[in-house]
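Student: Using the sequences provided together with the hints, build the complete structure.
Quick note on the UniProt record's numbering: the first sequence kicks off at 1 and runs consecutively.
Hints are computed from structural coordinates only; laboratory data are not their basis. Don't take each hint at face value.
In silico lysine-lysine, DSSO-like type, Cα no more than 27 Å apart, as pairs [stated by the list, open to error]: (1) Lys341 to Lys328; (2) Lys341 to Lys381; (3) Lys281 to Lys363.
DEER-style ranges, computed between Cβ atoms [stated by the list, open to error]: (4) Gln60 to Glu238: 28 to 34 Å; (5) Lys301 to Gln337: 16 to 22 Å; (6) Lys328 to Gln60: 18 to 24 Å; (7) Glu32 to Gly95: 18 to 24 Å; (8) Glu85 to Val326: 48 to 54 Å; (9) Asp77 to Lys328: 39 to 45 Å; (10) Glu310 to Asp66: 41 to 47 Å; (11) Gln337 to Thr219: 46 to 52 Å; (12) Ala133 to Lys218: 43 to 49 Å; (13) Asp77 to Ala133: 16 to 22 Å; (14) Leu33 to Ala265: 49 to 55 Å; (15) Lys218 to Lys301: 43 to 49 Å; (16) Phe367 to Ala265: 28 to 34 Å.
All figures in this text were calculated on a predicted structure; none of them were measured in a lab. For glycine and all other residues, C-beta sits at the position ideal for the given N, C-alpha and C.
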Amino acid sequence: MTERNHFLIFPRIMTPDSLKRLREWFRANAAELPWRPAGLDAPRDPYAVWISETMLQQTQVSTVRDYFTRWMKRFPDVEALAKAEEAEVFKYWQGLGYYSRARNILKTAKIVAALRQAQEPCKMPETRKELEALPGIGAYTAGAILSLAYHQREAILDGNLVRIFSRLYELDFLPTDKGSANKNCTEIYWEYAREVADSPKAYMHNEALMELGRTVCKTKSPLCETCPLRGECRAFQECRTTEFPPAKKRTEKSWHGTVLVVESADEKILAVNGGQKFLDKQLALPHFESARHATVALPAKAEDYINADEVKSVEYCGTFRHSITVHKIECDVLHVQLLTKAKASHLPTENSDKPTAFEWIEKAKAFETFANSFSLKALKKVFC
DNA sequence: AAATCGGGGTG
DNA sequence: CACCCAGATTT
1 MTERNHFLIF
11 PRIMTPDSLK
21 RLREWFRANA
31 AELPWRPAGL
41 DAPRDPYAVW
51 ISETMLQQTQ
61 VSTVRDYFTR
71 WMKRFPDVEA
81 LAKAEEAEVF
91 KYWQGLGYYS
101 RARNILKTAK
111 IVAALRQAQE
121 PCKMPETRKE
131 LEALPGIGAY
141 TAGAILSLAY
151 HQREAILDGN
161 LVRIFSRLYE
171 LDFLPTDKGS
181 ANKNCTEIYW
191 EYAREVADSP
201 KAYMHNEALM
211 ELGRTVCKTK
221 SPLCETCPLR
231 GECRAFQECR
241 TTEFPPAKKR
251 TEKSWHGTVL
261 VVESADEKIL
271 AVNGGQKFLD
281 KQLALPHFES
291 ARHATVALPA
301 KAEDYINADE
311 VKSVEYCGTF
321 RHSITVHKIE
331 CDVLHVQLLT
341 KAKASHLPTE
351 NSDKPTAFEW
361 IEKAKAFETF
371 ANSFSLKALK
381 KVFC
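Tutor: Written out as structure tokens, the structure is:
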């Protein structure tokens, strides 16, 4: 048995013929999207490709649409973005989630801007190696920039292509599964992706497959009767589309905690950046794990954030639910009012094992300062 | 290889 | 409420 046997058993499906039908389907059905303004054959702006593809990670097209348009208006190119403050970048990202993506985008913009030659505009790198070395750019995004913007014969592999390949070839495993025989599961999928990209029309094949996966080869109730590839799709022919790709198992975790809305005598709110269970590395309200219904007294853990002898009052303001990936969070909200004005002495000294920054925010500006809905929900419990 | 990271939309 | 969605990074 060789590592090639997979391809010997399964004959080639993405033939020049089927790829041609894919392209014709795409020309006839391509949606109008803000990141494909100049026709399907025009090379894209690499910066726009980078931003849109990053926004589209784990976020649906319909949601990204408006975010992308707003973003490009404020940060039209790498240079404009590189000069921005992280807080403002977060505001333009607010609601998309996965804030590390926004942080990495800014990091990469600064790196690319620093590479700029004198008098020349900033330009995204043009090789896979250079792109993948940048923060937030992995194999998928690098392939998207290289093919869609530079029209190189580079492959991409995202959830849409995985679903299509799994059904076309009845692949009963996911790229993330453990390797079998001599072949890594990821590599099998990438080989199919490279086959499709081995063409001067790679840019269109890649985008057409993503569009096909989004609008036709959907996870639930795929529209096989309109699919240009139904003639060679094994899962369709055997009426087994619902079996592919195999479902991935995920473990859910429930977590109960307390979030503090600490208000100083001069009406400022304590915010923390770093060292927390959730929303690490971004400005959020202080929170910690606690038992249910344990909010009658101020938990000892809260002394990490405030000095107990400066507390004027502690009020329980309710409980809210919030989901962060697999975590189902239930969080009690405490409104802690202090006798003293905001000052550095309120900050902890020896409790933090991770780098932690603290900030006092004007109460009136609190709602526009936090970029995550976890903190916003807690504020709402107290002030709304 | 597995865990982690958010929020909005949909049925 | 459960599930889905154009992945990357860390452990």
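Student: Taking the earlier hints as the rules, which of them does this structure contradict?
Tutor: Hints 1, 8, 12, 16 are the ones this structure does not satisfy, whereas the remaining hints hold.
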